[in-house]
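Engineer: Between the sequences and the hints, there should be enough to build the whole structure, so can you do that?
In this note's numbering, each residue's number is its place in the sequence shown (first place is 1) plus 121.
For the record, the hints were derived by calculation from the structure and aren't laboratory data. All clues stand as given, with none of them false.
List of simulated lysine-lysine pairs, DSBU-like, C-alpha gap at most 35 Å: (1) Lys314 <-> Lys254; (2) Lys353 <-> Lys287; (3) Lys291 <-> Lys254; (4) Lys464 <-> Lys302; (5) Lys291 <-> Lys250; (6) Lys302 <-> Lys250; (7) Lys263 <-> Lys314; (8) Lys302 <-> Lys254; (9) Lys302 <-> Lys357; (10) Lys302 <-> Lys388; (11) Lys287 <-> Lys302; (12) Lys291 <-> Lys357; (13) Lys314 <-> Lys357; (14) Lys314 <-> Lys291; (15) Lys287 <-> Lys314; (16) Lys291 <-> Lys302; (17) Lys287 <-> Lys254; (18) Lys250 <-> Lys388; (19) Lys263 <-> Lys302; (20) Lys353 <-> Lys314; (21) Lys263 <-> Lys357; (22) Lys250 <-> Lys357; (23) Lys291 <-> Lys353; (24) Lys353 <-> Lys302; (25) Lys464 <-> Lys388; (26) Lys254 <-> Lys464; (27) Lys250 <-> Lys464; (28) Lys263 <-> Lys353; (29) Lys263 <-> Lys291; (30) Lys357 <-> Lys287; (31) Lys302 <-> Lys314; (32) Lys357 <-> Lys254; (33) Lys250 <-> Lys287; (34) Lys263 <-> Lys287; (35) Lys388 <-> Lys254; (36) Lys250 <-> Lys263.
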Amino acid sequence: MFPRIFDRYLGRQVASATLIGVALLSGVMVLGNVYKKLDQLLGNTELPISVIAEFVMLVIPFSLIFTIPWAFLTGILLVFGRLSADNELVSLRMTGMSMPRICAPVFVLALALSGICLWVNVSLAPAAKDRMKRLFYQVAVKNPETLFQEGQVLERVPGYRIYTSKRHEKTLTDMHIIMLKGTQASTYIHADKATLHTSPDSIDLQMELTGMTEETVPAEGEGQPGGLAMEKQWLKLPLSEMQKDAVRVNASMKTTSALAEEVRTWKDTVTGEALTPVTRSLSLTELSKRYSFSMACVTFALVGIPLGVTAQRRETSSGFALSLITATVYIVFIILADTLNDKPAAMPHLIMWLPNVIFLGMGGWLFYKLSRK
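Structural biologist: What follows is the structure, encoded as structure tokens:
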């Protein structure tokens, strides 16, 4: 009965430490990045609380990709460091139990967590990223007035820079509009008041401008600027252009089956166009990343156990520092491969597997030495 009791004891200790670590680390990562990502995606748009809550829920899968392996590694280092410091491992070894048998519940837990990570990496995170990118467009179509914030420049509509001083529901006052041609300003419009109008048969936004003046900004060497004043004029904002950006899909947003199909057939699954070596490398690297990163828990288990026993520290800070260093080294390889993903000659898809190969080799050697003691 003793091995089964100890299995439950050790598994419960590591699992509870991992669960607490996931909660704490996910909270830090989500709170630390959600406002930054929200600003990048939605700008200074005023949003209903339901949309913000959905955005937070979409960010969580990205945090789980990193927090589950990191929390598991931290839990192993803390638990085995305490077991070693309290001589519990020595007592277990004196009963004739081998290190592989003692660590069996940890390896079972590692396989289970790797399965969860595989699901998050392969299915959950790509779907969340795709939904996140389309979120702004859907908010803009349903509530176009939320695009215009008092005292803020709207840059999300392609070809326009829009500033308004005051807004009351769908009425805007003191509006300044710069229409761009490429990256250069071509037309400047000022309106005392603008009223927003939508129609069910079009996603483009119609603005009724009152007290409008318009100035044409000529390109360099093309004559003098021109201007006109009108009491009332209509201007169409092409939200359909935002839709094109919203539906544009990159490798990280595609399903895993789509990426595998692209790698096999050299054909984009969205557009049907033939892939170049660079675009195929993007798909192959993303595919390798999803599967490679899913093995992190197994890799960290093999490395973390001997490190935790060797360190023999009960302090939380020491275990956390060790886990931080180990996880950082691991993630550096992932970042390096992501940086080189558009350079097929560098074989970034193989670099994605390099941290697992290195850490599994190092962990296997350390675990073998620990078992021989």
